[in-house]
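Enquirer: Sequence:
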Amino acid sequence: MSHEECTTTQEFEFDDPVTVCSQVFDTPETVKNPEATTSRVGGGDAPIDPSDPSSTRPNDRGPLTTVEIATRTSAPTALATETATTVPNGADPTPAASISSSNSSDGVSKGAVAGIAIATAVIGAAIAFLIAFLLFKRKNRRAPAMGKYGGSLPELVALSKPANSYVQVSQVPPPSSTIAAAVPNRTSAASMSNTPAFLAGVLPPAADDRTVAERVGALFLQMQSHVENFYRDVHASVTPSMEGDLARYGVDGVAMVDLLQSSSSPTSAIKHGLIAYVLNITRPEGEQSTLFPQDVIGVAMPAHDPDSNLSSAYILYRRLAVQLHASAISERSNTPSRHSDMREAAEHFSLTFFPWANPQSGDQEKDDDLVQIIKTALDLNLWLYGQPCSYDFVWETTSRRGLVIAPQIVRLSEVSGHVSSRPHVLLEPVVSAD
Numbered sequence: 001m002s003h004e005e006c007t008t009t010q011e012f013e014f015d016d017p018v019t020v021c022s023q024v025f026d027t028p029e030t031v032k033n034p035e036a037t038t039s040r041v042g043g044g045d046a047p048i049d050p051s052d053p054s055s056t057r058p059n060d061r062g063p064l065t066t067v068e069i070a071t072r073t074s075a076p077t078a079l080a081t082e083t084a085t086t087v088p089n090g091a092d093p094t095p096a097a098s099i100s101s102s103n104s105s106d107g108v109s110k111g112a113v114a115g116i117a118i119a120t121a122v123i124g125a126a127i128a129f130l131i132a133f134l135l136f137k138r139k140n141r142r143a144p145a146m147g148k149y150g151g152s153l154p155e156l157v158a159l160s161k162p163a164n165s166y167v168q169v170s171q172v173p174p175p176s177s178t179i180a181a182a183v184p185n186r187t188s189a190a191s192m193s194n195t196p197a198f199l200a201g202v203l204p205p206a207a208d209d210r211t212v213a214e215r216v217g218a219l220f221l222q223m224q225s226h227v228e229n230f231y232r233d234v235h236a237s238v239t240p241s242m243e244g245d246l247a248r249y250g251v252d253g254v255a256m257v258d259l260l261q262s263s264s265s266p267t268s269a270i271k272h273g274l275i276a277y278v279l280n281i282t283r284p285e286g287e288q289s290t291l292f293p294q295d296v297i298g299v300a301m302p303a304h305d306p307d308s309n310l311s312s313a314y315i316l317y318r319r320l321a322v323q324l325h326a327s328a329i330s331e332r333s334n335t336p337s338r339h340s341d342m343r344e345a346a347e348h349f350s351l352t353f354f355p356w357a358n359p360q361s362g363d364q365e366k367d368d369d370l371v372q373i374i375k376t377a378l379d380l381n382l383w384l385y386g387q388p389c390s391y392d393f394v395w396e397t398t399s400r401r402g403l404v405i406a407p408q409i410v411r412l413s414e415v416s417g418h419v420s421s422r423p424h425v426l427l428e429p430v431v432s433a434d
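Per the numbering used here, the very first residue in the sequence shown carries number 1; after that it's consecutive.
Be a bit skeptical, because a hint or two may be false.
Stated by the list, open to error - Each pair of labels, with its calculated beta carbon distance range:
(1) H325 <-> V257: 37 to 47 Å
(2) N229 <-> V257: 17 to 27 Å
(3) H418 <-> P240: 43 to 53 Å
(4) D369 <-> S327: 25 to 35 Å
(5) D368 <-> S327: 23 to 33 Å
(6) H325 <-> L134: 56 to 66 Å
(7) H325 <-> L221: 20 to 30 Å
(8) E344 <-> P240: 33 to 43 Å
Because the hints were derived from the structure by calculation, they are not lab data.
From the three backbone atoms N, C-alpha and C, an ideal C-beta is built for every residue, glycine too.
Just need the whole structure built from these sequences, with the hints factored in.
Expert: So, in structure tokens, the structure goes:
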């Protein structure tokens, strides 16, 4: 005897319901109802008589095993049926009939398929647009660069090299403007250096006589004011140890000791000694311990005819040397070594003429003022050295008018470099009546 068991399941909300039906057969010993039972085969019921040997199962030795038939049903599809086959205990179950199925769904709805297709199309269109935009932008960047060469590309020729390698060499020459920028025109630069326009752009204009006289006169007045502010007219005794130091000051042929002892105004003698001393340590032709930069002097003045072409070349060299040094002269003047040399010179002068110093003034203030005077004198001599004309300070050892405090300044040559037959006096000497 058998009975039918059916179970309906649905995994997801949008899936079709699945109905599973099975036939369970009982053994003859367990049959309690001798009435005929029915078996569903192909969707119909057939009576089975247990007393009829032809209608009973061929194997009555034990319980039978059933193969469950799962039938997936849906509203739009037809019912699929499968036959159940019974096998004896211990035997492998074998399919009794082939499974036939109708058109069934694979679990993915039509709406999901349409959504996937639309999303794929949108993403593909976006990628294609991005690639086209990048190519268009790159093409626009290359267009201006190619326009400079007339929009033409150079022809390339392959040159054979060993091991089947080659390089490409352009047969079209680059534009002439590119060659001119890469290789400077040295010939034109050399010829330009000899023109007045080139020199005017490199060298400063020459100073006139009035400007030279004003700058030199201002320096002489500054040194005289220093003596008047920090020294006084007193008669002081000169010891033998002081005579050696005093002899360093003043010009050749003038004894400073005699001037200080015989003059009724010792400050006039001190002015003479200070001006001579400052000019001597700041001029290029000064003493060995001159403060004038040796790198500016460089080559010495030629000893032969000053009117030769070599003399003109030396004047040009001298002007260029000063111009090149001008950018660093302020820094070099303020370096510790240069400033130390200036202060040492100022302190030596102050110590030598200490007996005539004004006690109301401080030593620090006096030395600082003299250091500034020495720096101004050095700048003036550098400026005069870089002029196309040659200048000189001329001292008069004797004068009927009195003691010469400051020398006269004369111009020895013209702007062209030609030496004048007679020196031109720019500033008369300063003479004290005493």
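Enquirer: So, for every hint listed, does it hold in this structure?
Expert: Hint by hint, here is what the structure shows:
| no. | hint | verdict |
| --- | --- | --- |
| 1 | H325 <-> V257: 37 to 47 Å | holds (39 Å) |
| 2 | N229 <-> V257: 17 to 27 Å | holds (24 Å) |
| 3 | H418 <-> P240: 43 to 53 Å | holds (51 Å) |
| 4 | D369 <-> S327: 25 to 35 Å | holds (28 Å) |
| 5 | D368 <-> S327: 23 to 33 Å | holds (27 Å) |
| 6 | H325 <-> L134: 56 to 66 Å | holds (59 Å) |
| 7 | H325 <-> L221: 20 to 30 Å | holds (27 Å) |
| 8 | E344 <-> P240: 33 to 43 Å | violated (24 Å) |
Hint compliance for this structure: hint 8 is the single one not met.
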